[in-house]
Amino acid sequence: MNLEIKVPSVGESITEVTVAQWVKQDGDYVEMDEVICELESDKATFELTAEASGKLQTNAEEGDTLEVGAVICHIDTEAKGDQQQKDKGGSKKEEDDTDDEGGASKKESSSDGPKKTGEVIEMKVPAVGESITEVTISSWSKNTGDYVELDEVIAEIESDKATFELTAEADGFLEVLVEEGETVDVGTLLCKIEVAEGGTVEDSGNEDKAREKDTSKEDEKEGEESYATGHASPAAAKILNEKGISPEEVKGTGKDGRITKEDAMKAEKKASEKQEQKKEEKTGQDTPQKSSASGDREQRRQKMSQLRKTISRRLVSVKNETAMLTTFNEVNMKPVMDIRKKYKEMFKEKYDINLGFMSFFAKACCMALKEWPAVNAMIDGDEMVYNDFCDISIAVSTPKGLVVPVIRNAENMSFDEIEKEIIRLATRARDGKLSIDEMQGGTFTITNGGVFGSMMSTPIINAPQSAILGMHNIVQRPMAVDGEVVILPMMYIALSYDHRIIDGRESVSFLVRVKELLEDPTRLLLGI
54 MNLEIKVPSV
64 GESITEVTVA
74 QWVKQDGDYV
84 EMDEVICELE
94 SDKATFELTA
104 EASGKLQTNA
114 EEGDTLEVGA
124 VICHIDTEAK
134 GDQQQKDKGG
144 SKKEEDDTDD
154 EGGASKKESS
164 SDGPKKTGEV
174 IEMKVPAVGE
184 SITEVTISSW
194 SKNTGDYVEL
204 DEVIAEIESD
214 KATFELTAEA
224 DGFLEVLVEE
234 GETVDVGTLL
244 CKIEVAEGGT
254 VEDSGNEDKA
264 REKDTSKEDE
274 KEGEESYATG
284 HASPAAAKIL
294 NEKGISPEEV
304 KGTGKDGRIT
314 KEDAMKAEKK
324 ASEKQEQKKE
334 EKTGQDTPQK
344 SSASGDREQR
354 RQKMSQLRKT
364 ISRRLVSVKN
374 ETAMLTTFNE
384 VNMKPVMDIR
394 KKYKEMFKEK
404 YDINLGFMSF
414 FAKACCMALK
424 EWPAVNAMID
434 GDEMVYNDFC
444 DISIAVSTPK
454 GLVVPVIRNA
464 ENMSFDEIEK
474 EIIRLATRAR
484 DGKLSIDEMQ
494 GGTFTITNGG
504 VFGSMMSTPI
514 INAPQSAILG
524 MHNIVQRPMA
534 VDGEVVILPM
544 MYIALSYDHR
554 IIDGRESVSF
564 LVRVKELLED
574 PTRLLLGI
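First residue of the sequence shown: 54, per this note's numbering; consecutive thereafter.
The reader is advised that the hints may include incorrect statements.
[As the list claims (entries may be wrong)] Restricting the straight-line Cα-Cα distance to at most 27 Å, the calculated cross-link-like pairs of lysine-lysine (DSS-like) are:
no., residue 1, residue 2
1, Lys195, Lys177
2, Lys77, Lys177
3, Lys195, Lys169
[To be verified] Now the in silico label distances, taken between C-beta atoms and shown as ranges:
no., residue 1, residue 2, range
4, Ser562, Leu242, 17 to 25 Å
5, Thr480, Val528, 45 to 53 Å
6, Phe442, Met357, 44 to 52 Å
Hint data in this document are derived by calculation from the structure and do not stem from the laboratory. Note that beta-carbon positions come from the ideal geometry of N, C-alpha and C, so glycine has one too.
All chains should be modelled from the sequences, with the hints used to inform the complete structure.
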C-alpha cells in the first residue's frame with residue numbers, strides 16, 4: 054500500500070509551510086511515528102512524523118514551500134527495511150535466549166506492552182474561566198509517541214491569569230498537535246491519545262528496552278547515534294540561529310542528547326563570554342580605536358507571555374479609564390518593629406510562622422476600610438458597589454509577572470492566619486499553581502515595593518478596585534519628636550485611588566487612620 058503523507062493543518066491563519074530539512078532521505082525505511090522531516094511556518098517550526106512503517110519516497114526538496122494539504126511524501130507500507138531484516142536475523146538470538154526447559158523467549162516475555170484498541174480520544178483546550186478565551190501551551194511533559202496513563206499530567210497551559218495542568222483522559226499513546234509557545238483558543242484540538250489496554254508504562258518501556266538491547270551492539274560497532282543526538286528542538290534552533298551558533302558547538306542535555314531551549318540559552322551566554330574575551334584581548338593590543346562604542350551590542354527578542362500581555366493591557370486601561378490620584382504619608386515603624394523584636398520568637402514557636410509587616414498592614418487596612426467604605430468600593434456601570442467585607446489582594450512578583458492573589462475576609466482573621474495565608478498564596482504564585490478563584494474578587498490591594506528598595510512610588514489601581522496601598526522601604530531618618538531630633542525608622546506609604554468614587558477627604562483620612570494604627574499597634578488589638 055502506498056500511503057500519502059500530506060502537509061498537516063498547523064493553525065487557522067497558516068496556509069503554507071517550508072520544508073526546513075529531511076531527517077530521513079528518499080528510499081529510507083521509516084518506523085511509524087518516527088520523525089521524517091522538519092517544517093517551518095511563519096510562526097513556528099514543527100516535526101512531521103511517519104504515519105506508518107515503510108519505505109519513504111519524498112515529493113519535495115528542502116527549501117520548497119508547500120500549501121497545507123499538499124502531498125509531501127509517500128510511504129510504501131509493504132516494503133521491508135533494514136530494521137525488519139535485523140529483526141528477522143535476530144530470531145536466532147531469540148532462540149538462544151529461550152530457556153533450556155522449553156520456556157518462552159526472554160524477549161517475547163519482555164515485550165508484552167499495551168495493545169492499541171483502535172479508539173482515538175481527542176483532547177481540546179478546556180474552559181478554564183468565563184473571561185478566558187485563549188491559552189498558551191507553556192510546556193509538554195510528554196512527547197508524541199509516549200505512553201501516558203489516565204489522569205497523568207501531560208502539559209501545562211497558561212492563561213492571562215494562571216497556569217493549569219492538562220491531564221490525560223485515557224491510557225494510550227500520545228500525539229501532540231500544538232507546539233510549545235503557541236497561543237490557541239479554548240476548544241482547539243491540542244492532542245490525540247490512541248487508547249491502549251493490557252499494559253503499563255513499565256511494560257511499554259520493557260519493549261523499547263528489549264529493542265535497544267538487541268541493536269546496541271550493532272550501534273556501537275557502526276558508531277551510529279539517534280536522530281535526537283545533537284539535534285536542536287525548534288525553540289532551541291531559533292535561538293541558536295539568531296545568535297549564529299552552530300548546533301555542533303552545543304552539548305544537548307535533553308532526551309538522547311537533544312539540544313533543549315535551556316541548552317541554547319546557556320550556549321548563547323558562553324558565546325557572548327567568548328566574544329567579550331576576544332574583545333578584551335584586542336583592546337590590550339596597541340591598535341587604534343575606530344569607535345568609542347565598545348562591548349557587546351547584540352539584541353534579543355522574546356515573545357510576550359499571555360500574562361504579560363494582559364498586565365500591559367490592564368495597566369494602560371486603568372490609566373486611561375480612571376481619574377487616578379495618589380496621596381502620601383509617612384509612618385514611624387519603630388512601634389511595630391519593637392513588637393516584632395519582642396515577640397517574634399514566641400510567635401514562631403506557637404504558630405510555626407514568622408511575624409511579618411504585612412499582617413500589621415492588612416489588619417490596619419481592614420479597620421480603616423470599615424471606617425471609610427468608599428475606599429473598599431468599586432464602580433459597576435452607573436452604580437457604586439460597597440463591600441461589607443475585606444478581600445485583600447496581595448501583590449506577588451513571580452518569574453512570569455505580577456499576580457495578586459486574594460486573602461478572603463481578612464477582617465475576621467488573626468495575625469497568624471493572615472501570615473500563613475500570605476505564605477501559602479505567595480508560594481503557589483511563584484510555583485505557577487494559583488487557581489482563578491484565588492485571584493478573583495479582591496476589594497482592595499496592598500503592594501510592597503519596599504522589598505526591592507523602593508523609596509516612594511505611585512502604585513496603579515488594580516481594576517475594578519478603586520484603591521491600592523503602596524508600602525516602601527524603611528529608612529533611618531532624623532525626625533523632630535517633642536522638640537528633639539530623634540533617629541527613627543520611617544516608611545513612606547502611598548494610596549492611589551479613583552477620584553470618581555473616592556473624594557480627597559476620604560483618601561487622606563483613610564491613610565491617616567492606617568498611620569495611626571501602625572504607630573500605635575495596641576489599637577489593632579483593641580479595635581479603637
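Q. Within 27 Å, alpha carbon to alpha carbon, are lysine 195 and lysine 169?
A. Status holds; Cα separation ~18 Å.
Q. Per the hint of 17 to 25 Å, is the separation of the Cβ atoms of serine 562 and leucine 242 within bounds?
A. Taking Cβ atoms as reference, serine 562 and leucine 242 lie about 56 Å apart, which means the hint is violated.
Q: Take a quick look at whether lysine 195 and lysine 177 sit within 27 Å of each other, Cα to Cα.
A: 16 Å, holds
Q | C-beta pair threonine 480, valine 528: status relative to the range 45 to 53 Å that was hinted | A | 29 Å, violated
Q. Is 44 to 52 Å a correct range for the gap between the Cβ atoms of phenylalanine 442 and methionine 357?
A. 35 Å, violated
Q. CA of lysine 77 to CA of lysine 177, is that 27 Å or under?
A. Since the Cα atoms of lysine 77 and lysine 177 sit roughly 31 Å apart, the hinted pair is violated (cutoff 27 Å).
Consistency with the previously given hints fails for numbers 2, 4, 5, 6, ordered from lowest to highest.
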